[in-house]
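Residue numbers (this note's numbering), protein chains in the order written: chain A, 1 to 128; chain B, 129 to 321; chain C, 322 to 653.
Worth flagging that the hints you see were computed from the coordinates, not collected in a lab.
Incorrect hints may have been included.
Said to hold, decoys possible - A partial selection of chain C residues facing chain B, derived with a Cβ cut-off under 7 Å:
(1) L328
(2) G331
(3) M332
Stated by the list, open to error - Sample of chain A residues with no beta-carbon within 10 Å of chain C, all distances over it, derived:
(4) Q6
(5) A51
(6) D73
Idealized CB from N, CA, C, for every residue including glycine.
Okay, here's what each chain looks like letter by letter:
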Amino acid sequence: MKTPFQVMTGGDWLIVLTLLGVSVAGIAWLATAPKGTRVVVTSGDQTCFVADLDQPQSVDLDGPLGKTRLVIDETGAHVTSSPCPRKICISMGPARHSGDLLACVPNRIMVRIESPSGEDAPYDLLSR
Amino acid sequence: MTCSAANAENLARARRQVFLALFIALAVSLHILESLLPSPIPWLRLGLANIMTLSALYLYDGRAAWTVSMARVGLGSLLLGRLFSPGFWLALTGAIAATSVMILVHRICGRHLSPIGVSATGAAGHALGQILAARLLIIQHEAIWQIAPLFLFFTVFSGVLTGWLAVILLQRLEQHPAFQTSGVALDEQAGKD
Amino acid sequence: MPWNRPLIIGMILLLLALGWLRTNSGETELVRSSRLLMGTIVEIVVSGQNTGQLEAAVDDAFAEMARLDRLLSRHYQDSDVTRVSQGSKGGKVAPETAEVVALGLDVARRSNGAFDMTLGRLKTLWGIDQENPVVPTQEAIAEALEGVGFRALSLEGLNLVKQSPQLMVDLGGIAKGYIVDRAVVVLKNHGITSGAVNAGGDMYLLGQHPEHPWRIGIQHPREQGGILATVQVRDKAVVTSGDYERFFEQDGQRYHHIFDPETGSPARGCQSVTVITDSVALGDALATALFVLGPQKGLELLADYPGSEGLIVAADGTLHPSQGWADYQSAP
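Throw the hints in and build the complete structure from the sequences for me.
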């Protein structure tokens with residue numbers, strides 16, 4: 001009786017290793033994906049940055065005008081510097097609740113707070 | 129084995145029916161035996177019944193594989209009292225996915241693979257098919273897909289195991305005169321359909 | 322011969338299952354989508370059973386908003402507004418433009434000019450959208466105000482007529498609201514009965530949220546991240562105008578983007594105004610008018626519009642709600 005390794009062809013190994021690789025990659029991706037409330041940054045149609053709202057960090061986001069700096073700290077996610085003329089994005093303050101939105105319109109950067117558990121804010125939309 | 133039907137074609141067909149019936153019976157037995165064993169994750173089983181589906185595929189053709197797998201799911205659920213229960217739909221979807229994928233892979237690259245590779249692919253299809261059914265019927269939430277990578281990981285191993293067991297079975301069966309006279313040996317199968 | 326029938330049937334069944342899964346999960350989905358449009362964040366929320374239908378509706382709504390923005394904004398060279406501003410007597414405009422102007426003229430008349438669509442030159446002078454705005458001189462302001470006023474603009478059919486050649490039209494105080502109304506029409510045409518379109522604070526709430534009436538938080542004009550009040554509405558427009566959205570500071574004074582047509586400078590009577598009414602275009606125009614008029618005259622104007630309520634935060638921070646406002650407020 002031959003062992004599996006004696007029977008398996010090159011094609012078999014290809015399949016087995018590919019499936020194992022995909023599943024391991026999937027497990028790794030799930031383990032590192034941000035859980036809980038996250039900060040999602042989009043530029044145009046592309047999501048360019050996702051992070052946990054609970055993890056303090058800062059990141060430079062690229063747009064047509066240059067780099068917009070987003071800082072995540074205990075106040076939430078807010079813009080600290082941006083190459084736009086009016087700096088409205090900075091004056092918008094921190095985004096904290098699920099559904100909160102910030103944007104640097106000239107630099108085409110949009111920041112959204114998403115919560116997988118659904119809506120946790122006391123309101124559905126903000127009128128400002 | 130001689131019989132009164134002298135026509136070779138009728139003989140072959142009769143033999144096929146008899147053997148498929150035997151395969152089905154074996155598959156159902158394996159299925160029931162497996163369901164008695166404890167398992168850490170629900171519905172995560174070795175899929176030993178797949179050995180019979182694989183054998184049917186290699187000894188005969190895709191239609192035979194469908195016959196064995198669908199009959200196994202139906203009869204197995206009936207005997208276990210789970211017909212039309214949620215578990216039944218999971219098993220059915222898994223079996224449809226597994227069988228389709230195995231037949232496809234066998235058809236396209238059967239030359240480069242042994243039953244182990246085909247079985248591993250089938251096991252993956254089975255797992256994904258079950259999760260799809262669970263998503264549709266039981267847990268109406270995208271979160272169910274999060275168990276997919278883990279499931280997939282384990283089913284690869286069970287797929288290799290059942291594939292290997294199928295190889296052993298096939299090696300024994302091929303030596304039996306019943307399969308030699310009808311001229312369907314393992315490597316001729318690939319060119320048949 | 323190459324493919325056996327059960328295989329094909331099996332694959333088709335699987336594909337059907339996936340396709341059905343994609344479009345119809347059998348439970349209510351909430352689709353939220355935001356885009357940068359009209360110089361602000363536009364957010365559309367829709368609720369329904371069929372994800373495919375929801376996404377198609379949202380895409381069409383955004384497309385319509387982009388189309389109308391190109392027509393009504395003075396920031397585009399080929400918009401109706403720019404063309405009319407550059408023409409000596411005005412010009413022919415699209416039916417949508419005419420509709421906005423007609424509504425605006427009505428509010429302008431009834432607010433006695435507090436709402437004004439002829440301030441294009443003034444806004445360009447202040448450069449409130451530009452890189453480095455500076456406070457203009459009194460002479461420059463006076464010149465920019467020449468010929469300005471609601472009487473300087475009139476509509477004859479689809480012809481927008483202006484009384485003086487240098488008059489520049491600006492629909493900034495009403496166009497966004499109108500565009501939101503039109504987006505809601507698109508959503509309704511797609512069969513959406515529960516949703517919201519929010520363009521930088523000018524919004525319409527269609528139906529109600531799957532679980533409760535739409536809850537709208539109103540930004541506190543002085544506390545970043547603070548909420549002044551929460552209102553609960555259904556099938557209503559909510560518009561807020563504030564001095565905190567677009568402004569610049571010079572010598573310790575804040576200069577924002579809502580101008581008083583009489584002084585040519587930012588209106589000083591209020592910190593913010595919120596209006597709840599039936600169309601966002603009307604809400605937009607009223608909010609602007611109220612902001613210019615200040616709390617007292619503003620509430621008087623609002624009384625002229627039954628069915629519309631408002632909350633005015635005066636320059637000193639005191640709150641002035643209209644009569645029926647309390648019916649909407651749920652917090653604090």
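Do the hints match the structure? See the list:
| no. | hint | verdict |
| --- | --- | --- |
| 1 | L328 | 5 Å, holds |
| 2 | G331 | 4 Å, holds |
| 3 | M332 | 5 Å, holds |
| 4 | Q6 | 31 Å, holds |
| 5 | A51 | 18 Å, holds |
| 6 | D73 | 13 Å, holds |
Violation of the numbered hints given earlier is absent; every hint is satisfied by the structure.
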